[in-house]
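J.: Read off the chains here:
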Amino acid sequence: MNFIEARKLVHEYIHRDDEGNVESVQRALDGVDVDIRPGEFVAVLGHNGSGKSTFAKHLNVLLSPTEGTLWVDGKDVSDEGNLWDIRKNAGMVFQNPDNQIIASVVEEDVGFGPENIGVPTDEIWKRVDQSLRSVGMLEYREHSPNRLSGGQKQRVAIAGVMAMEPKCIILDEATAMLDPNGRREVLSAVQELNEKKGVTIIWITHYMEEVIKADRVYVMDEGKVVMEGTPREIFSQVERLKELRLDVPQITLLAHELRQEGLDIPEGILTRQELVNALCR
Amino acid sequence: MLRDITIGQYYPADSVIHKLDPRVKLFATLLYVVSLFLFKNWAGFLLAALFLFGFIWLSRVPVSYMVKGLRTIVVILVITALFNLFLTPGETLVEFWIFRITREGIVSAVTMAVRLIFLILGTSVVTLTTTPNQLTDGLEKSLGPLNKIRIPVHEIAMMMSIALRFVPILVEETNKIMKAQIARGADFESGNIIKKAKNMIPLLVPLFISAFRRATDLAMAMEARCYHGGEGRTKMKPLKYKKRDGVAYLVVLVYLAGIILVRVLVK
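As given, the protein sequences belong to chains A and B, one line each in that order. The numbers in our numbering rise by one with no breaks, and the one at position 85 of the first sequence is 85. The numbers in our numbering rise by one with no breaks, and the one at position 172 of the second sequence is 172.
These are computed hints drawn from the structure, not numbers from a lab. Ideal Cβ placement from N, Cα and C applies to all residues, glycine included. Please note that a few of the clues may not be correct.
[Unchecked claim] In silico PhoX-like cross-links for lysine-lysine, where the CA-CA straight-line distance does not exceed 20 Å: (1) LYS8/A to LYS57/A; (2) LYS88/A to LYS235/B; (3) LYS141/B to LYS237/B; (4) LYS167/A to LYS75/A; (5) LYS237/B to LYS126/A; (6) LYS126/A to LYS235/B; (7) LYS237/B to LYS19/B; (8) LYS240/B to LYS141/B; (9) LYS224/A to LYS8/A.
[As the list claims (entries may be wrong)] Just some of the chain A residues that point at chain B, by a computed CB distance under 7 Å: (10) LEU62; (11) ASP98; (12) GLN100; (13) SER104; (14) GLY111; (15) GLY113; (16) ASP122; (17) ILE124; (18) LYS126.
Input sequences plus hints: build the corresponding full structure.
T.: The structure is reproduced here in structure tokens:
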């Protein structure tokens, strides 16, 4: 059973004028088919306006599909009765770290989710402890979120989601507002959750470097899934990615250019080490 | 300018008063404020002073720190005292030009001033020893019965705590916008009051827009974390009465009884 199954998913943003007449219809998702297995680390790539955030918001039922079907954890999202179950099992981390922290103390913010779903007090404390530890923020539990760095705030936000014990975490451009250090911090925290706790991760981004470690990559453009495969499969198609106005990681690009110049190295090189090995063969 | 706002300031210390349940402190404040307007003579005044300073001493907040808080109300204090001094009819003591000072005037000016000072000191002990979160929690719990008459107590408390969380963020944002606008030639310093107020527009418009954007983001983040109002919600830090809270209730009630007794007995 797939954790997420989208079939011909369509979402239209309808803009209305003051009288409520339809001014224009914008098709943000256009027949998206996606399958994600439990425990996978899946990256969704695309430049601005490709529909990747709209897709993410469907997974948490913040938006409902206009057409098509979407099952999350075996539950149909168009059924209102499943709403809280789905939100509990598919946690979401957003872009702006400041705008998703609710309480003025770190531990109280992490406790917010469990409080909402009615977890008993002792259990909340246990979960807050565990999830703060799992993102390495336990020592900051009594701090005010305002004094933390961007990367630390995002880790608190992840802990807040973890405390609800979801099966899946969706990170909607969670690193877009962070500096390189913060980005690395958040990415490694998420990878650890994926490897150690088997949490399904859906990582939405437009930074190419971040998707190298993913199990599978979906590339979206103009509301459609245009490419799908392992990072290596995706990055061996440098020309196609350029057409989609996406940057390729520097190392991959260098390897590609070298290959074009006639050097005998394979396509889809992802890391510096691989390139060194290929060159020194 | 913005750093002078001291509402909800918390003075961390390890004292009995700090550890009291916020509900006790709210209840005590209410009774204390009422009691201030009950006493009429020196005996009642003495009792209230004793209660107040005992409270301050127990809280371990330095008195100088509290007196600083009084500076903000000096103007109100002086105006109240002057009105009472000149406008109370009675036995004339001094008379010059259109002013007349009466014996009753002096008495009521002094009592009014003392009442105001005691009021501010008493309430600031509570805000200084209680974190804003505890205060909202206490309010939510003690106003709980109002839910029955359809007052959304939980929502109001939630709004208060979110507002407190966003104060520093919005202050920072204001400074940022201010700098950005100064860099483009905006002038926040010169001119009279009306001109200054007009000059605030390029500061306030972006601030409001950004605040609304933050509000939508936050609402979405809260929904994504299963927030659906106070119903079926558990508490991470539930308020539980301890022995000392019972004692505190008793002390406050004894004090109120004392004030009433003094009012009735001492002439």
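J.: Against each hint, give a clear statement of whether it holds in the structure.
T.: Evaluation of the provided hints:
Between LYS8/A and LYS57/A the CA atoms are separated by roughly 16 Å; this keeps the pair inside 20 Å, and the hint holds. For the proposed pair LYS88/A and LYS235/B, the alpha carbon gap of about 17 Å is at most 20 Å, so the pair holds. Only pairs whose Cα atoms come within 20 Å are accepted, and LYS141/B paired with LYS237/B is accepted, the gap being roughly 12 Å. At roughly 13 Å between alpha-carbon atoms, LYS167/A and LYS75/A fall within 20 Å of each other, so this suggested pair holds.
Among the hinted pairs, LYS237/B with LYS126/A is consistent with the structure: their alpha-carbon atoms are about 13 Å apart, no more than 20 Å. Simply put, LYS126/A and LYS235/B have alpha-carbon atoms about 13 Å apart, close enough for the 20 Å limit, and the pair holds. With a C-alpha separation of about 14 Å, the suggested pairing of LYS237/B with LYS19/B holds against the 20 Å cut-off. Straight-line distance between C-alpha atoms of LYS240/B and LYS141/B comes to about 11 Å, which keeps the hinted pair within the 20 Å bound.
Simply put, LYS224/A and LYS8/A have alpha-carbon atoms about 10 Å apart, close enough for the 20 Å limit, and the pair holds. Taking 7 Å as the C-beta contact cut-off toward chain B, the hint placing LEU62/A at the interface holds, the least distance being around 6 Å. A hinted interface residue such as ASP98/A counts as satisfied when its beta carbon comes closer than 7 Å to some beta carbon of chain B; here the least separation is about 6 Å, so the hint holds. For the restraint placing GLN100/A at the interface with chain B, the shortest Cβ-Cβ distance is roughly 4 Å, inside the 7 Å limit, so the hint holds.
Taking 7 Å as the C-beta contact cut-off toward chain B, the hint placing SER104/A at the interface holds, the least distance being around 4 Å. Hint status for GLY111/A: holds, given a least beta-carbon distance of 4 Å to chain B, under 7 Å. Hint on GLY113/A holds. Least Cβ distance to chain B is approximately 4 Å, under the 7 Å limit. The interface hint given for ASP122/A is broken, as the beta carbon of that residue sits about 10 Å from the closest beta carbon of chain B, more than 7 Å.
Restraint check, ILE124/A versus chain B: the minimum CB separation of about 5 Å is within 7 Å; hint holds. For LYS126/A, the interface hint is violated, since its Cβ never comes within 7 Å of a Cβ in chain B; the closest pair sits about 11 Å apart.
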